[in-house]
Amino acid sequence: MGKNLAEKILQKHSPEEIKKPGQIIPCRVSLVLANDITAPLAGDSFRKMQAPRVFDADKIALVCDHFTPNKDIASAEQVQKVRRFAREMNITHYYEGGNVGVEHALLPELGLVGPGDVVVGADSHTCTYGGLGAFATGMGSTDIAAAMALGETWFKIPETIRVNMNGSLDEFTTSKDLILNLIGRIKVDGALYRALEFAGDTLTELDAEARMTMANMAIEAGGKAGLFPVDQVTLDYCREHGRQGDDFLEPDGQAGYCMQVDMQVSGMPPQIACPHLPDNVAGVDDLEEIKVDQVVLGSCTNGRISDLRQAAHILKDRHVDKNIRLIVLPATPKIYAQALEEGLLEIFLKAGGIIGPPTCGPCLGGHMGILASGETCLATTNRNFKGRMGSLESKVYLGSPYVAAATAVAGRIIPPARV
Amino acid sequence: MHFKGKGHKVGDHIDTDAIIPARCLVTTDPEELGRNCMAGLEENWVSRVNRGDILLGGKNFGCGSSREHAPIAILGAGIPVVIAHSFARIFYRNGFNMGLVLLEGGDEISRLSDGDELEIKALEGKIVNHTTGDTVNSLPVPEFMADILAKGGLINYVREKVA
Ligand code: SF4
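Same order as they appear, the protein sequences are chains H and L.
Numbered by numbering that gives the first Met the number 0, the letters in the first sequence go through residues 0 to 418 in order.
Numbered by numbering that gives the first Met the number 0, the letters in the second sequence go through residues 0 to 162 in order.
No wet-lab data here; the hints were simulated from the structure.
Mixed in with the good hints there might be a few duds.
As the list claims (entries may be wrong) - With a straight-line cut-off of 25 Å between C-alpha atoms, the simulated DMTMM-like cross-links for lysine to aspartate or glutamate are:
(1) H:Lys70 with L:Asp11
(2) H:Lys155 with L:Glu142
(3) L:Lys8 with H:Asp188
(4) H:Lys47 with L:Asp28
(5) H:Lys333 with H:Asp235
(6) H:Lys70 with L:Glu30
(7) L:Lys160 with H:Asp57
(8) L:Lys150 with H:Asp43
(9) L:Lys160 with L:Asp146
(10) H:Lys315 with H:Asp188
(11) H:Lys19 with L:Glu142
(12) H:Lys18 with H:Asp57
As the list claims (entries may be wrong) - Over the 12 Å line for every Cβ pair with chain H, so calculated as not near, a few chain L residues:
(13) Met0
(14) Ala38
(15) Asn49
(16) Ser64
(17) Ile89
(18) Arg92
(19) Val157
(20) Lys160
(21) Ala162
Every residue, glycine too, gets a C-beta built ideally from N, C-alpha and C.
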């Protein structure tokens with residue numbers, strides 16, 4: 000029997016022959032990632048393991064993006080710990096200050112992740128790199144410390160759900176809407192322990208950034224990974240971002256899948272995930288108009304240049320509603336610079352937006368946009384758990400950059416076509 | 000791997016923000032995290048727990064972020080075992096790595112109620128409910144995980160490997 004994408008990639012990195020899902024295999028890793036929340040713990044675990052050094056100082060990325068610029072003394076001390084660890088271990092890819100961006104936007108941009116790689120990160124959205132054909136998955140800090148020490152980890156071979164997307168995207172429908180729709184259908188545990196593999200003719204309409212947006216949210220269906228095949232689109236993106244030697248990657252013809260999901264894309268309206276789970280999804284046309292207090296445009300899901308362009312397309316020559324705080328967080332310094340050059344930041348500023356630094360900001364309720372009780376936010380982020388962005392009595396709705404911009408203008412969640 | 004304690008039931012899809020909210024993530028101290036265990040579900044939830052008690056989760060327990068602070072907070076609250084319908088994948092790995100025993104029981108879990116006095120044989124996956132006199136079977140702890148637990152968690156496991 001042939002192999003699906005997950006099996007093909009894992010086989011390349013494992014000495015053991017992969018026979019079936021459920022099998023536990025050792026696996027070499029291409030890159031190990033941690034951030035300012037998880038790296039301090041990983042460092043502690045690493046020291047307790049008494050490994051003299053990391054397996055390869057060029058294959059570890061430490062990105063301090065969550066609570067920076069540091070919001071308080073405790074978080075500053077966490078970063079200090081990561082910084083010391085990075086210096087001591089001579090870590091090449093250490094990012095903070097002016098170099099930092101949201102990790103899952105930053106690593107692809109730096110060419111550190113790509114086709115056929117196995118990436119493990121102490122962050123659940125590590126699955127983002129599946130958009131470029133990498134088997135990438137989140138783990139806890141101690142698993143990551145073990146990978147830093149050994150250069151390998153273990154995996155249970157996941158079953159794979161194949162998602163066939165066919166048809167053409169409507170004007171204001173994006174890959175964010177496709178993934179929200181999918182999560183709404185298979186639910187937050189629909190892909191538990193499993194990998195998602197995306198296929199179908201809609202792929203030709205999705206650029207690398209759009210694919211990463213979808214892979215990013217695989218975890219929101221419980222998925223271990225969200226995998227896209229590697230085609231010319233991927234290879235062009237990787238070459239532009241400094242990588243060499245990547246190759247096409249497709250599942251074998253006779254590959255095994257535990258389930259097939261068919262999605263008809265044409266005619267799908269923009270989708271919204273309502274509080275308090277990402278699977279509580281409705282088409283924006285079917286929702287009553289919901290008044291919001293804050294709109295957040297950014298994050299590892301939708302903080303890339305194409306996302307900012309979409310929002311700017313709607314916000315150009317318009318102003319946000321007087322009751323709205325619009326927070327825009329370009330996901331990396333490079334995206335920030337590009338948005339400046341393209342005049343997007345000017346559009347956001349003139350519209351009355353606040354432009355924040357290229358970090359996670361309020362996405363996880365850290366800082367720079369925390370919600371009070373009774374407040375509602377529409378965010379382009381990936382999670383709307385109760386209290387995720389602040390008070391337990393606040394609400395978060397998830398949507399695309401088009402919907403975010405339209406909502407900011409109207410002060411209520413409305414379809415982008417109606418602005 | 001034998002445990003005895005009172006069960007405390009929580010719902011389905013208990014996420015890592017419920018287990019330990021982001022605002023508490025500025026420390027890695029188990030005691031301090033333990034004091035805020037389940038604070039995202041209910042302030043002061045932990046006041047009902049005695050050392051050795053057992054957490055009863057529903058479906059997809061531990062979904063959300065990869066924060067290891069979640070199993071640490073549960074252990075810090077004095078809870079050595081979580082029994083759930085199912086676990087989110089990252090939480091599942093983290094639990095064992097930290098030395099928290101996780102038992103997956105599927106629909107059988109509905110026979111365990113809040114406040115039940117439970118006795119657990121983890122390696123066999125056997126749960127005796129002393130309140131109802133019932134015995135509930137969960138999946139036994141997989142061999143590989145039992146190995147890590149036996150060494151006292153992943154840290155010791157790796158320490159032996161790099162030594
Ligand atoms: S942007 Fe949000 S989801 Fe992404 S890494 Fe940062 S906190 Fe996590």
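Looking at L:Val157 again, its CB stays over 12 Å from all of chain H? violated, 4 Å
Take a quick look at whether L:Lys8 and H:Asp188 sit within 25 Å of each other, Cα to Cα. Roughly 20 Å between the alpha carbons, so the hint for L:Lys8 and H:Asp188 holds.
Agreement of L:Lys160 and L:Asp146 with the hint, judged by alpha carbon distance not exceeding 25 Å: holds, 13 Å
Between the alpha carbons of H:Lys70 and L:Asp11, is the straight-line distance 25 Å or under? Status violated; Cα separation ~33 Å.
According to the definition I'm using, a residue is off the interface if its beta carbon is farther than 12 Å from all beta carbons of the partner; does L:Lys160 meet that for chain H? violated, 7 Å
Closest CB-CB distance from L:Arg92 to chain H, is it above 12 Å? Its Cβ does come within 12 Å of chain H, the nearest being 6 Å, so this is violated.
Run the C-beta distances from L:Asn49 to all of chain H and say if the shortest one exceeds 12 Å. It holds; L:Asn49 is separated from chain H by about 26 Å at its closest Cβ, greater than 12 Å.
Mind checking the alpha carbons of H:Lys47 and L:Asp28 for me, to see if they're no more than 25 Å apart? Holds, at about 15 Å.
25 Å Cα cutoff - pair L:Lys150, H:Asp43: holds, 18 Å
Quick one, are H:Lys333 and H:Asp235 close enough, alpha carbons at most 25 Å? OK: H:Lys333 and H:Asp235 at ~18 Å, within 25 Å.
Assess, step by step, whether the Cα of H:Lys19 is no farther than 25 Å from the Cα of L:Glu142, and give holds or violated. holds, 18 Å
Does the structure keep H:Lys18 and H:Asp57 at a Cα separation of 25 Å or less? Violated: H:Lys18 and H:Asp57 sit about 32 Å apart, past 25 Å.
Checked against the numbered hints given earlier, the structure breaks hints 1, 10, 12, 14, 16, 17, 18, 19, 20 and 21 and satisfies all the rest.
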